[in-house]
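Visitor: Chains as they are written, first to last, in our numbering: chain A, 1 to 300; chain B, 1 to 300.
If you are wondering where the hints come from, they were derived from the structure by calculation, not from laboratory data. Watch out, some of these pointers could steer you wrong.
Identical chains blur together in the list; that is why a pair holds if it fits in one copy or across any two.
[Stated by the list, open to error] Below are the EDC-like pairs computed for lysine to aspartate or glutamate, each with C-alpha atoms no more than 20 Å apart in a straight line:
1) 87 x 172
2) 186 x 88
3) 292 x 213
4) 154 x 172
5) 226 x 213
6) 247 x 166
Bear in mind that the values here come from a model prediction, so they are computed numbers and not experimental data.
There are 2 protein chains.
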Amino acid sequence: MSLICFGTVALDNIKSPSGLRKNLLGGSASHFAMSARLFTKVHLASIIGEDFPKKYIRFFESQGVDISSVTVKPGKTFAWNGEYDQKDFNTAITLATELGVLEGYIPEINTEHRNVPNVFLANFDPDNQFQFLKLMKRAQLVGMDTMNLWINIKKASVLKLMKKVDLFVANDGEARAITGQTNLIKAAKALRRMGPKLIVVKKGEHGVLFYCDQFMFSFSAYPVEKVVDPTGAGDTFAGGLMGYLSKAGKVNEKVLREAAIYATTLASFNVEGFGVANTRSLTLKEVDARRKILVSFIQP
Amino acid sequence: MSLICFGTVALDNIKSPSGLRKNLLGGSASHFAMSARLFTKVHLASIIGEDFPKKYIRFFESQGVDISSVTVKPGKTFAWNGEYDQKDFNTAITLATELGVLEGYIPEINTEHRNVPNVFLANFDPDNQFQFLKLMKRAQLVGMDTMNLWINIKKASVLKLMKKVDLFVANDGEARAITGQTNLIKAAKALRRMGPKLIVVKKGEHGVLFYCDQFMFSFSAYPVEKVVDPTGAGDTFAGGLMGYLSKAGKVNEKVLREAAIYATTLASFNVEGFGVANTRSLTLKEVDARRKILVSFIQP
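Take the sequences, apply the hints, and build the full model.
Guide: The following block contains the structure:
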């Protein structure tokens, strides 16, 4: 089944202990696409400015990612300047954000994409996520992500959207912030009560916790020794998860465990390089090789 | 194979969001014994004061734990007053420590216990741990634990002891403090280079990481929703680990994975009650029931 991701396509300047990189292809939708493309046809819906480099347009095309629902508007592409500290790779320090064409944005979509069955609302203004979801006519499986910024300034909109989605993906900090629960199991259960049937809590280096009414599971992350740039790790994870579920065409315990393993594996590639440097060239064969190592690492 | 644990037997006053409890049976050796006793014959070596309650002596006896190498000296039993914060159950706040009979202590042991093959040096002054190890004549498998206090004030003694042991158990904070490595995989490898062949890093709610030259593994913790008092969780873990290895009588990958699963399961019981309240009455049948839930929770 095909999959559409509504999220940002951005230009990132990133500083980490491994160095400084400018004008990287970034944004939640871009990272999502890099892993989802390995499993199914991926369409992106987003907005970019006229300054968006042609090489990145060609890059998406070369990866088989459909960007025909990515609108180009006069103005500048959304840009993010961030930094990571050696001591805490889990938290990005935002140095600057230039909204550019995101200012006053109203989501659009190609008519032909309104029937895509699987939808992921990557990190974005929750009101925009809601507007986008209303454009979709036959959504069967809807996932969403968000971030602390929106939980802080637009919590009502986040909660309203949560009632409309099947799968909620959050990192541990976000799960705690929305629910007010320190204990992650309690937080996952509280998220479930907010609407989504499937709850995924990403714990960075500590892996992932999945919760639904029938079962739950938790896997450690792949043992990465050299984190270069964790930007987009959560989106890469979400792309692997939704991509695998879309390929499977069904959602059950076995498929969810497999999807979470693929998602965890893919996120580990992401953090080993700046931007999409390590995920852009990945083949499913390479992913499978690392997935097997991960499975043996976490096998009880 | 039988097992001896050298550690503290203490009286604890503990305050947590669940309440305040005074004069609890505590200490690293006591918690260690509660889980190790499920797998093998456990001897404790320690020191207590004349104030040590008779009921706790009878309690050890009722649990089949041999305390004939626990010396009674004039003076007060080691006492610890600690507190836990709702927001961070991983870090105990020490309110007061009364060394009592630990002051100027020189380890002793019953002659008959000098041939016990499996030895665990629970958290204690590293010089005392070293002196105790020298008392053991036929040690086959030696494990050790320590804490940040000793890493800060007696690091040379900790490092000297590490060269003499097979198995090193640390929590994530301690592993980082000894090695200076933030990344836990790198920290585990650095610990290995310090001497011990088998490295176990406890990550609290995030479970456990095991490392040796041939393989490594990592399991999430059992999903505990209500943490009452985490005091002794690490010792309970170590007791389960060493107890299971002693019962198996050999150390290989399969046995180590099983031992880590038992250890993780046992630690989850510990944190659900004050002191040894939840581990003192445990049967292997109850542990096995929860172990199966844990295995299904972490099964990839």
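Visitor: Using 20 Å as the alpha carbon limit, work out where residue 87 and residue 172 are close: within a copy, between copies, both or neither.
Guide: both (18 Å within a copy, 14 Å between copies)
Visitor: Quick one: residue 226 to residue 213, C-alpha cut-off 20 Å, is that within a copy, between copies, both, or neither?
Guide: For residue 226 and residue 213, the Cα distance is within 20 Å only across copies (19 Å; inside one copy 36 Å).
Visitor: Is it within a copy, between copies, both, or neither that the alpha carbon of residue 154 lies no farther than 20 Å from that of residue 172?
Guide: within (19 Å within a copy, 36 Å between copies)
Visitor: Within, between, both or neither: how does the pair residue 247, residue 166 come out at a Cα-Cα threshold of 20 Å?
Guide: within (17 Å within a copy, 47 Å between copies)
Visitor: Is it within a copy, between copies, both, or neither that the alpha carbon of residue 186 lies no farther than 20 Å from that of residue 88?
Guide: This pair counts as between: shortest inter-copy Cα distance 15 Å, intra-copy 25 Å.
Visitor: Since the copies are identical, ignore which copy is meant and state whether residue 292 and residue 213 lie within 20 Å (CA to CA) inside a copy, between copies, both or neither.
Guide: between (28 Å within a copy, 19 Å between copies)
In this structure, every one of the numbered hints holds.
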